[in-house]
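Visitor: Sequences are here, hints too, so could you generate the full structure?
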Amino acid sequence: MELYTPILALALLATGFAVFSVIMSAVVGPKRYNRAKLDSYECGIEPTPQPVGGGRFPVKYFITAMLFIVFDIEIIFLYPWAVHFDQMALFGLVEMVLFIATVFVAYAYVWRRGGLDWD
Amino acid sequence: MTQYVVLSAILFTIGCVGVLTRRNAIVVFMCVELMLNACNLAFVAFARQHGNLDGQITAFFVMVVAAAEVVIGLAIIMTIFRTRRSASVDDASLLKY
Amino acid sequence: MTSLAPLAADLPDPGLAAFGQDPWWVILLKAVLIFVVLVLLTLFNIWFERRVVARMQHRVGPNVHGPFGLLQSLADGVKLALKEDIIPKAADKVVFLLAPVIATVPAFVTWAVIPLGPEVNFFGHRTPLQLTDMPVAVLFMLAIASIGIYGIVLGGWSSGSTYSLLGGLRSSAQMISYEVAMGLALVAVFLYAGSMSTSEIVAAQDRLWFGLILLPSFVIYVISMVGETNRAPFDLPEAEGELVGGFHTEYSSLKFALFFLAEYINLATVSAIATTLFLGGWAAPWGIENVWEGANSGYWPLLWFFGKVFCFIFLFVWLRGSLPRMRYDQFMALGWKVLIPVSLAWIVAVATIRVISLEGNINRTYLVAAIAVLLVLTVALMFVGDKGEAVDEDVPAAGDEPHDAFAGGFPVPPMPAGGAVRGAAAPLTFAHTPGGRTTVTADAEESHE
Amino acid sequence: MLTVLILMPLVGALVVAVVPRAQVRPVGLAFALATLALGLLIASRYDASAGMQFEETHTWIEALGVHYALGVDGLGLLMVLLTVAIVPPVLLASWKESDAPGGRGSRSYFAWVLGLEATSLAVYTATDVLLFYIVFEATLIPAYFLIGGFGREGRGRAATKFLVYQLAGGLILLASVVGLYVVSANAGNPSFLVSDLAALDIDETTQRWLFVGFFAAFAIKAPIFPVHTWLADTSEKATPSTSVLLVCVLDKIGTFGMLRFCLGLLPDASQWATPVVVVLALISIVYGAFIAIGQDDILRLIGLTSLSHFGFIVLGIFVFNPTGGTGAILYMVNHGIATALMFLVAGFLINRTGTTSISAMGGVEKHAPILAGSFLVAGLAACGLPGLSPFVSEMMVIIAAFDHHWLVGAVAVLAIVLAAIYALWTYQRTMTGPDRAGMLAVPDLDRREVGIVAPLVLALVLFGFFPMPLLDVINPYVQDSLASAGIVQEGGLR
Amino acid sequence: MTDFVKPTIDYFELWPLLVVFGVACLGVVVEAFLPRTVRYTAQVVLALAGLVLALVGVVLVAQDVKTYEDGAARGVLAVGGTIAIDGPSLFIWGLVLALAIAGVLLFAERHLDGGVSAFAGQAAAVPGTDAETAAIAANREHTEVYPLMMFAVFGMMLFPAANDLLTMFVGLEVLSLPLYLLSGLARRRRLLSQEAALKYFLLGAFSSGFFLYGAALIYGYAGSMDFAAINEAVRNDVGSSSLLLIGTGLLSVGLLFKVGAVPFQAWTPDVYQGAPTPVVAFMAAGTKVAAFGAMLRLFYVALGADRWSWQPMLWIIAILSMFVGAVLAITQDDIKRLLAYSSVAHTGFILVGVLGLQAAGDLAADEITSLQAVLFYLATYAFATIGAFAVVSLVRDGGGETTALERWAGLGKESPVVAAVFAFFLLALAGIPLTAGFVGKLAVFSVALAAGAWPVVVAAIMASIIAVFLYVRVIKVMYFDEPVGDGPSVAYPSVLTATTIAVGAAITLVLGILPGPVLDLAAVAGEFIR
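Going down the list, the protein sequences come from chains U, D, R, Y and B. With the working numbering as the guide, the letters of the first sequence map in order to residues 1 to 119. With the working numbering as the guide, the letters of the second sequence map in order to residues 120 to 216. With the working numbering as the guide, the letters of the third sequence map in order to residues 217 to 665. With the working numbering as the guide, the letters of the fourth sequence map in order to residues 666 to 1159. With the working numbering as the guide, the letters of the fifth sequence map in order to residues 1160 to 1689.
Please note that a few of the clues may not be correct.
Claimed, not checked - Examples of chain B residues lying across from chain Y (beta carbon under 10 Å, computed): (1) Val1235; (2) Leu1236; (3) Gln1531; (4) Leu1601; (5) Phe1604; (6) Ala1607; (7) Val1616; (8) Ile1625; (9) Lys1635; (10) Val1649; (11) Asp1679; (12) Ala1682.
These are computed hints drawn from the structure, not numbers from a lab. Glycine included, each C-beta is placed from N, C-alpha and C at the ideal position.
Guide: Right, dumping it as structure tokens:
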């Protein structure tokens, strides 16, 4: 646990600073009310009314997020494997090649089906 | 260690209650993920208690599974959402519940 | 199960004996120092960037405030603090306020595990020049860095503005895409270092820098670190022509400054990680140690460390000064279609080499099998690459849809004749401008359905 | 031998299903007659004093100790004979398409009847409990299609009711069968063979539970009050020929099972349950006769009289003396013949009048004396007139009932009075009196119909005066079974 | 730092598993690289070849397995003890593979809908939009269903063979996830199908959360995920028994959900009704087999010593499942929902068999064991179910497949053969003698009675009686009710569906008349490796 307390210290410091800044900007800055100023920016035209969060957005982002998750998971397994690779040697290599090949199959599928194309 | 287990139990219960009471499919789904993460916490805590690493390894696998679930779950929810423009579980009620 | 157990890092790691021994005041002092250094570094970096870019563009750059205009950044900061703090009425207030904090804190925290130097005498206390270290330090860095992405997404989401939302989404998509490549690039390092602790990785490079023996990894890392930090030529989320200011369009005053700060700290962070993992960290470049015994002791390593970091920062500035911005699809294609497969293949290659060097007399059948699989993989890779374009052949046959699985998911602008152009293949086609491609906006979709 | 006996009608059913339409009926009848011949052959070779005969045993499912085991003893033989004898008249009676209103033609009817014959024969000859159970259930499938496919409006519902009752009974039976198996397994020799099971020493509680299961199942089958309700509906909606098969062949499985399994395997529990069973039997006797009197539907009426008769049979079985046992078995045969006659004649009557309502009939006697005469014979047989065969068996049961307890006997006698009322009153209402509207042109029985009725009437009279051949077969069986049940006795009625 | 011990993998014994997985991956590659026109053929051939190869592998492995150490079981512990390849595993593998072959045949059926399969042309296209019209016009179809199914098969094989909780969990998910997707891919009535997928997914994920937490608690109790170690811990009564108890309960929730036992049956009717019929056919049969395999292993191997605490729970659940399933089935007017509730009831019956666990010493020499009975029941149930659903896919009216019960009236006249076959399957499900269902019921009742669970058996008998009514009702509708409107029509299937139905019926019949060989096989399969 001792290894982690310093991180807590730094995190507290940073949080304090950030929160302080956010509050300061509200306190220090001038306040001149202007209705147009509070509208969201749309190059000067009347902004289209939208729900918070902007409503819906392209499916593409979901797909990217999902692909990311899949590969991130792969990385989860690669790290411990890499760290202890020297002990496993050949066995580790063979097994991991099988693993990577499996992931690669999915990857090839996604690629070919246009999952990696952004348009 | 007990605190961790208790915490995981609380998280698990929150997730569980969330699944049962919420009506938005995505929220329900997030509650399920919360349950899985509560499990992870329990696994890691028990791993520490027993001094072996089985629990930690399990946590890895659980993450994988959770990720796969996310991918499939979001795909299903999105399809429904696009068809019906709503993610409420109640709206999806062609089938008798 | 039990036999798999050694796969995970064993606790506690004997290599980390030096850590976790500090009294509270040392910890506090080190933390404050890191904090201060980072803030100063940011101020310096902003100035540095402006000056260097100015030179490249045959301008002078800031030169009024302080010597060489060094205080320009500070002045900017103070000015920002005095600006009006605007919260758009369409915003989700709580998240809107929280987002800059979420973006900033991880940026600082990452530095906790970066080794700045060896053990030194720190006000009479013997301690490493590093806040802390742990067996999974690199993983920790990656994890914390990912939290920063939340800040950006939430900032964009909560602003209630189309530009912000799309900017936020874009930057998060970009960051996570390149995070994969980055993560894969690191695997080779762990393979050689046998540890994920930063200090041990530095120690493992005492003979040879990983940047040299693992050159492909290094290159991939450098490319993806640029993408990860949203910097030119990958600064698409802030592409003024398309998205105004990206996710922070609606932010003003110090909240904007916090995002700015986070971005520049991240710049320094990825440089520091690159230094640590590939360029021997705080160790002096080889040759110097032979000439000068004390180069790697005391506070001198700070010099080498920051020297290397500044090399990277210069690289960043250089890139910004010389390269045009990439188109979004090209950029994503680079990440997903080039960096990732190359990293995977490289990992397998490194592992194979490692096995061969470990087991001098290796069982031949296994080796042959492994190489065969490897070959198949490579061939498959080339096959995929070749056929990437071939998907287009499907298009006319498939009817009026550009490609099968995903395109039907949402309305897209009409395609130019001859089908979609994909991949990095045709950069000079101006048939459709980058601006035209990004009209896939929320309201556009709404009107289509 | 027995396998051939079972296969004969089964093959017949299959053949009937494929031969050209014109040949369906002759071929079906030929198979039925061949089966009859085979049955008579077996009877002629049967040695009345030798217990189980014509045995065949093959291992079937080794893991469960199930055997394909057949054999006949006195009881089985009589039932086999009854079955093979009744099927040809039934087929003859269904010769015309119009005999099966709403049906899909002779082909399926003949096929199902032969199928039912085959499975019933298997039931009467099975000596493995599980095999018994399987064919017991198998009889339901042809029966279901016979009821549901042919007959009057509402037959589908009746068929479903029938099937559900029967399957419910079957499943209860299954529980007991499995229970027996488990007992045998606990004793170290998991088996379903009756001979193995009879040798078991089952403790009292288990015996009682198993008995309850067996008895409930067979009571539904027989049927006995209060699980008789399917019988009235079924006999009302089905064609008379189907009802003959149901009541005269199929339902005998219930009483057959009581004899073979309740008494044969669980004698102690049977004695333990006697009071309850006797009361139920008496209720059935009186209640069946009583509500029969009030019926307007002639088929329903006949169905309900059977309830009364089954009460007699069960009473005979459970009073535990040789006279009662013999009487009960004899009753099974006689009731089969008499009721078959009654149903068939009623069927002919319905065909002619186009109604089943008693109140819509009348004055048939004048136009169709043979029909009326045979109906009278059947009716008198039902109320036990001396000289007709049911009299013998009914007397034996009543004597045994008086032996058991005077009150039981008295109630049984009461039933005879009631039977006389319903038989004669029905006759009076349908056959005598003035013509009803539309009753003018009732033609008499034609030659085919006389050919069906005559043997049955003959059998009634013959066995009424000369029951010895039957008793010769029955007595050794009753002696054996009561002896093995450990009931002290003083010699049977000879 | 502990030394790394290389685990034994036993590739030969894993062969069937690897083949299925390899074929699934190959299927994905086919999807990626072959042109659209040949994908269908390639996928079907590949899947069938892979399954047959795996089945051959199972047979070869089965002939080769040796006695494990000196116990009663035969087999090996592969992959460092995480996968137990013993007799029951092999039996279930064979069964699952046979079902999968039937499943592929049903999936591949294109004859019924006029040249297209039962799956959506493009699942991503919103129903009623141009995208969908275009997809229909282009005759698209998702050939991904085959790899998905193969992954599900892989999960179904891994699940019952898992010898530790983690592997079991992974198997559970690998089996479930593709099925969630497959459920949402119906070509017709997409909304219903998608909704089914959503419900299945949400509830499935929910229950797997329970399973996992249960696994965590058991791990906390025993300090190991390994079944043998858990058994050891239970035997020696280490740790807090409340952890064990709650853990067992939560694990059961997960498993009982998968088999669709009351009170976790809510998903069954919805999913069965909404999902494409071929998927339902495969899933209803396969999932149940796999999940019961896993349940048996978990309860017998890991928690066998603690059976006094889980048996009462299973008693209640078995009784509830049988009754709720049977009673609710009666109230249904949709044939698929009806079959769904009937499957709930069957879950109860199989649980009756699971309850028949006895210590080895209590059994007579050649008495049937609980394991044997359950395995046999699973085989009979699986083939009857897959056949019944295959028949359901044949019956049509103007709007495609019709599942409303009243629309089935008059089927006996329209197509006597189809009606007869369906009636036969129903009778098998009802457990009428001379069908496989009867022998199955007989077997499970025998073992439960032998183990002294007579109240459950009595309840089971009562539930069977209710269930009989239910099946007879359908038969009555088919044969004796007057058709509504034009009445149903029967689409003539290609050889694929016809084969499945014929094989299903044949197996149901043969197992009803001559169950000996399969019962013996289940007996030879012997015991779990403990």
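Visitor: For each hint, tell me whether it holds in the structure or not.
Guide: Comparing the hints with the structure gives:
1. A hinted interface residue such as Val1235/B counts as satisfied when its beta carbon comes closer than 10 Å to some beta carbon of chain Y; here the least separation is about 26 Å, so the hint is violated.
2. The beta carbon of Leu1236/B is not positioned within 10 Å of any beta carbon in chain Y (closest approach about 28 Å), and the interface hint is therefore violated.
3. Hint status for Gln1531/B: holds, given a least beta-carbon distance of 7 Å to chain Y, under 10 Å.
4. Look at Leu1601/B: its Cβ gets to within about 6 Å of chain Y, closer than 10 Å, so that hint holds up.
5. The interface hint given for Phe1604/B holds, since its Cβ lies 5 Å from the closest Cβ of chain Y, which is under the 10 Å cut-off.
6. Checking Ala1607/B against chain Y: minimum C-beta separation of about 9 Å stays under 10 Å; hint holds.
7. Below 10 Å, beta-carbon pairs count as interface contacts, and Val1616/B has one with chain Y at about 6 Å; its hint therefore holds.
8. Nearest Cβ of chain Y to the Cβ of Ile1625/B: about 9 Å, under the 10 Å cut. The hint holds.
9. At a threshold of 10 Å, the smallest CB-CB gap from Lys1635/B to chain Y is about 5 Å, leaving the interface hint in force.
10. Taking 10 Å as the C-beta cut-off, the interface hint given for Val1649/B is violated, the closest approach to chain Y being about 19 Å.
11. Of the supplied interface hints, the one on Asp1679/B holds, with its beta-carbon coming within about 6 Å of a beta-carbon of chain Y, less than 10 Å.
12. Interface hint status for Ala1682/B: upheld, as the beta-carbon distance to the closest one in chain Y is roughly 6 Å, under 10 Å.
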